[in-house]
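Listed here are the chains, written in short residue letters.
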Amino acid sequence: AQSVTQPDIHITVSEGASLELRCNYSYGATPYLFWYVQSPGQGLQLLLKYFSGDTLVQGIKGFEAEFKRSQSSFNLRKPSVHWSDAAEYFCAVGPNTNAGKSTFGDGTTLTVKP
Amino acid sequence: DVKVTQSSRYLVKRTGEKVFLECVQDMDHENMFWYRQDPGLGLRLIYFSYDVKMKEKGDIPEGYSVSREKKERFSLILESASTNQTSMYLCASSLTDYGYTFGSGTRLTVV
Numbered sequence: 001a002q003s004v005t006q007p008d009i010h011i012t013v014s015e016g017a018s019l020e021l022r023c024n025y026s027y028g029a030t031p032y033l034f035w036y037v038q039s040p041g042q043g044l045q046l047l048l049k050y051f052s053g054d055t056l057v058q059g060i061k062g063f064e065a066e067f068k069r070s071q072s073s074f075n076l077r078k079p080s081v082h083w084s085d086a087a088e089y090f091c092a093v094g095p096n097t098n099a100g101k102s103t104f105g106d107g108t109t110l111t112v113k114p
Numbered sequence: 001d002v003k004v005t006q007s008s009r010y011l012v013k014r015t016g017e018k019v020f021l022e023c024v025q026d027m028d029h030e031n032m033f034w035y036r037q038d039p040g041l042g043l044r045l046i047y048f049s050y051d052v053k054m055k056e057k058g059d060i061p062e063g064y065s066v067s068r069e070k071k072e073r074f075s076l077i078l079e080s081a082s083t084n085q086t087s088m089y090l091c092a093s094s095l096t097d098y099g100y101t102f103g104s105g106t107r108l109t110v111v
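So the protein lines, in turn, are chains F and E.
Okay, so the first sequence: first residue is 1 according to the numbering used here, each after it adds one.
Okay, so the second sequence: first residue is 1 according to the numbering used here, each after it adds one.
Heads up, a few of these hints could be off.
Partner residues aside, some chain E positions facing chain F, computed with beta carbon under 7 angstroms [to be verified]:
1. Gly16
2. Pro39
3. Gly42
4. Leu43
5. Phe48
6. Ile77
7. Gly99
8. Phe102
9. Ser104
Calculated cross-link-like contacts (lysine to any residue; reagent style SDA-like; alpha-carbon spacing at most 25 angstroms) [said to hold, decoys possible]:
10. Lys49/F <-> Thr5/E
11. Lys61/F <-> Gly28/F
12. Lys71/E <-> Gly62/F
13. Lys101/F <-> Lys13/E
14. Lys57/E <-> Thr5/F
15. Lys61/F <-> Lys13/E
16. Lys49/F <-> Ser67/E
17. Lys3/E <-> Gly62/F
18. Lys13/E <-> Pro61/E
19. Lys55/E <-> Gly62/F
20. Lys13/E <-> Pro39/E
21. Lys68/F <-> Ser104/E
22. Lys13/E <-> Gln42/F
23. Lys57/E <-> Gln45/F
24. Lys49/F <-> Leu45/E
The following label-pair restraints were derived from C-beta to C-beta distances [stated by the list, open to error]:
25. Ser80/F <-> Ser80/E: 47 to 53 angstroms
26. Tyr10/E <-> Ile11/F: 46 to 52 angstroms
27. Thr55/F <-> Arg14/E: 25 to 31 angstroms
28. Arg44/E <-> Ser39/F: 32 to 38 angstroms
It should be emphasised that the hints constitute simulated quantities derived from the structure, not laboratory data.
All C-beta atoms, glycine included, are put in the ideal place defined by N, C-alpha and C.
Based on the sequences and whatever the hints tell you, model everything.
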């Protein structure tokens, strides 16, 4: 069965500092991996996805993520955080079959200090 | 811009009522999903559909049913609403090889 672990429930960073959100997955084959962001009271928005190929993927809003098969990880990074990045972030893993049904991590809440 | 539209942002219903949550997508996506989101429990899959009139149970289908009569519309039905179904409900759609597009959510309160 596929699963996703986001070890950090809550992270606080200062505006302008770098950010890394951790994600570890369990999946039997090469997974499809996703990061989503959710602003308060809103639905989730896709930031980026990895299917195959280059293990460093670029997304929207200046985010990137790196797939490391040996560590079963797909960590999200941003070099300089803006106050508007404060939100909840979800990592997800999905197969390319069964309607592409994804399993989500429990989320990491990001607080940005001025 | 592609869209998933959920009919209500906020809904208050009484215990025992039959509740319909509607979701419409305009992207011709084959797959549609219903999740509920609760603090500390993350996103839990209720039902999903990979084609018109096709549906599969997710992780927590008890107390819910779904309907997909047209490709663009996926309805979640609470047959007899209970207070433990108070939650944020999120609809999403996708093509199988791509990520999800989510609606803005419906916050349902059952009193």
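Results for each hint:
For glycine 16/E, the interface hint is violated, the least distance from its beta-carbon to any beta-carbon of chain F being 28 angstroms, above 7 angstroms. Restraint check, proline 39/E versus chain F: the minimum CB separation of about 10 angstroms is more than 7 angstroms; hint violated. Taken as an interface hint, glycine 42/E checks out: its beta carbon lies about 4 angstroms from the nearest beta carbon of chain F, inside 7 angstroms. Residue-level restraint check for leucine 43/E holds (minimum Cβ-Cβ distance to chain F is 4 angstroms; threshold 7 angstroms).
Nearest Cβ of chain F to the Cβ of phenylalanine 48/E: about 6 angstroms, under the 7 angstroms cut. The hint holds. Hint status for isoleucine 77/E relative to chain F: violated, with the closest Cβ pair at about 20 angstroms, above 7 angstroms. Below 7 angstroms, beta-carbon pairs count as interface contacts, and glycine 99/E has one with chain F at about 4 angstroms; its hint therefore holds. A distance limit of 7 angstroms between C-beta atoms decides the matter here; for phenylalanine 102/E the minimum to chain F is near 4 angstroms, and the interface restraint holds.
Using the Cβ-Cβ criterion of 7 angstroms, the hint placing serine 104/E at the interface with chain F is satisfied: the shortest such distance is roughly 5 angstroms. For the given pair, lysine 49/F sits about 23 angstroms from threonine 5/E by alpha-carbon distance, which is consistent with the 25 angstroms threshold. The suggested pairing of lysine 61/F with glycine 28/F is violated, with an alpha-carbon distance near 31 angstroms, which exceeds 25 angstroms. For the proposed pair lysine 71/E and glycine 62/F, the alpha carbon gap of about 34 angstroms is over 25 angstroms, so the pair is violated.
At most 25 angstroms may separate the alpha-carbon atoms for a hinted pair to count; lysine 101/F and lysine 13/E exceed this at roughly 30 angstroms. With a C-alpha separation of about 23 angstroms, the suggested pairing of lysine 57/E with threonine 5/F holds against the 25 angstroms cut-off. The hinted pair formed by lysine 61/F and lysine 13/E fails the criterion: a straight-line CA distance of about 38 angstroms is larger than 25 angstroms. Distance check on the hinted pair: lysine 49/F and serine 67/E sit about 29 angstroms apart at the alpha-carbon level, beyond 25 angstroms; violated.
As the CA atoms of lysine 3/E and glycine 62/F are separated by approximately 23 angstroms, the hinted pair is consistent with the 25 angstroms bound. With a CA separation close to 20 angstroms, the supplied pair lysine 13/E and proline 61/E stays within the 25 angstroms bound. A threshold of 25 angstroms between alpha carbons decides the hint, and for lysine 55/E with glycine 62/F the separation of about 37 angstroms lies outside it, so the pair is violated. For the given pair, lysine 13/E sits about 21 angstroms from proline 39/E by alpha-carbon distance, which is consistent with the 25 angstroms threshold.
For the given pair, lysine 68/F sits about 32 angstroms from serine 104/E by alpha-carbon distance, which is inconsistent with the 25 angstroms threshold. Of the pairs offered as hints, the one joining lysine 13/E and glutamine 42/F holds, with about 21 angstroms between alpha carbons and a cut-off of 25 angstroms not exceeded. A C-alpha spacing of about 24 angstroms is found between lysine 57/E and glutamine 45/F, which places the hinted pair at or below 25 angstroms, so the restraint holds. Using a Cα cut-off of 25 angstroms, the hinted pair lysine 49/F and leucine 45/E holds, with the two alpha carbons roughly 20 angstroms apart.
In this structure, serine 80/F and serine 80/E meet the distance hint of 47 to 53 angstroms, their C-beta atoms being roughly 51 angstroms apart. For the pair tyrosine 10/E and isoleucine 11/F, the beta carbons lie near 30 angstroms from each other, so the given range of 46 to 52 angstroms is not met. The hint said 25 to 31 angstroms for the Cβ distance between threonine 55/F and arginine 14/E, and at roughly 52 angstroms that hint is violated. Restraint check, arginine 44/E to serine 39/F: a C-beta distance of roughly 20 angstroms breaks the suggested window 32 to 38 angstroms.
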